[in-house]
Amino acid sequence: DIQMTQSPSTLSASVGDRVTITCRASQNVNTWLAWYQQKPGKAPKLLMSQASSLESGVPSRFSGGGSGTEFTLTISSLQPDDFATYYCQQYIGFSTFGQGTKVEIK
Amino acid sequence: EVQLLESGGGLVQPGGSLRLSCAASGFTFSNYAINWVRQAPGKGLEWVSGIGGSSGSTFYADSVKGRFTISRDNSKNTVYLQINSLRAEDTAVYYCAKADASYVLRNYFDYWGQGTLVTVSS
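The listed protein sequences derive, respectively, from chains U and H.
Residue 64 in our numbering sits at position 64 of the first sequence; the count goes up by one each step and never skips.
Residue 1080 in our numbering sits at position 80 of the second sequence; the count goes up by one each step and never skips.
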């Protein structure tokens, strides 16, 4: 199985901050990578696929990058609605997810 | 509007069985793969199983292979997950998630249901 490791596990930030979450794969996944946002008690929501392709309706303050084994999710100016847990997912083979990064209010 | 609605969860004793259902609407059901993803309490996401759209090809995570069976009824727009020989570590919210194409592999999940809770306890 391909292991996905996110860092940090928890991120404390303020509204307006620029935040970056890193996701590392144990093997090359090319750009077969997606990012999801999950709020407590809710299902995950797809933010982007193919490492950097933003889903329709997702604010442009979200951006993704990387290829191979290292990827990033950046929120350019954190908004109140963005406090949530974020997961990366590789799908080059059977899907595996990172352990999640919780973005909390500082 | 795409909707996925899971049902069938509940409290079951170790060694017991349950059948989860995922009823879909808002898209041409037979054209898309459907997956099950679970989340143990306070933990991350784990892909469990997937079934292709037109092909009906099935895939399982090693952790559930031989105990879980995924199937679909395209006439009812419904996917099922039969879960047998349940263990405490199977306790989780089970989500069904639609893939963006008819195949399971090389695919992400663009829509998710609200989840159904399975609790395995004596």
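Warning: the hint list may mix true and false statements.
[What the hints assert, rightly or not] Capping the alpha-carbon separation at 25 Å, the derived lysine to any residue pairs in SDA-like fashion look like this:
1) Lys1076/H - Gly1044/H
2) Lys1043/H - Gln1082/H
3) Lys1043/H - Ser60/U
4) Lys39/U - Gly1044/H
Hints were generated in silico from the structure; no laboratory data involved.
Each hint tested on the structure:
1. The suggested pairing of Lys1076/H with Gly1044/H is violated, with an alpha-carbon distance near 31 Å, which exceeds 25 Å.
2. Taken as a hint, the Lys1043/H and Gln1082/H pair is honoured in the structure, with Cα atoms around 23 Å apart against an allowance of 25 Å.
3. Between Lys1043/H and Ser60/U, the direct Cα distance comes to roughly 29 Å. Violation of the 25 Å bound is thereby established for this hinted pair.
4. Annotation: proposed proximity of Lys39/U to Gly1044/H holds, straight-line Cα distance about 12 Å (limit 25 Å).
Checked against the numbered hints listed earlier, the structure breaks hints 1, 3; every other hint is satisfied.
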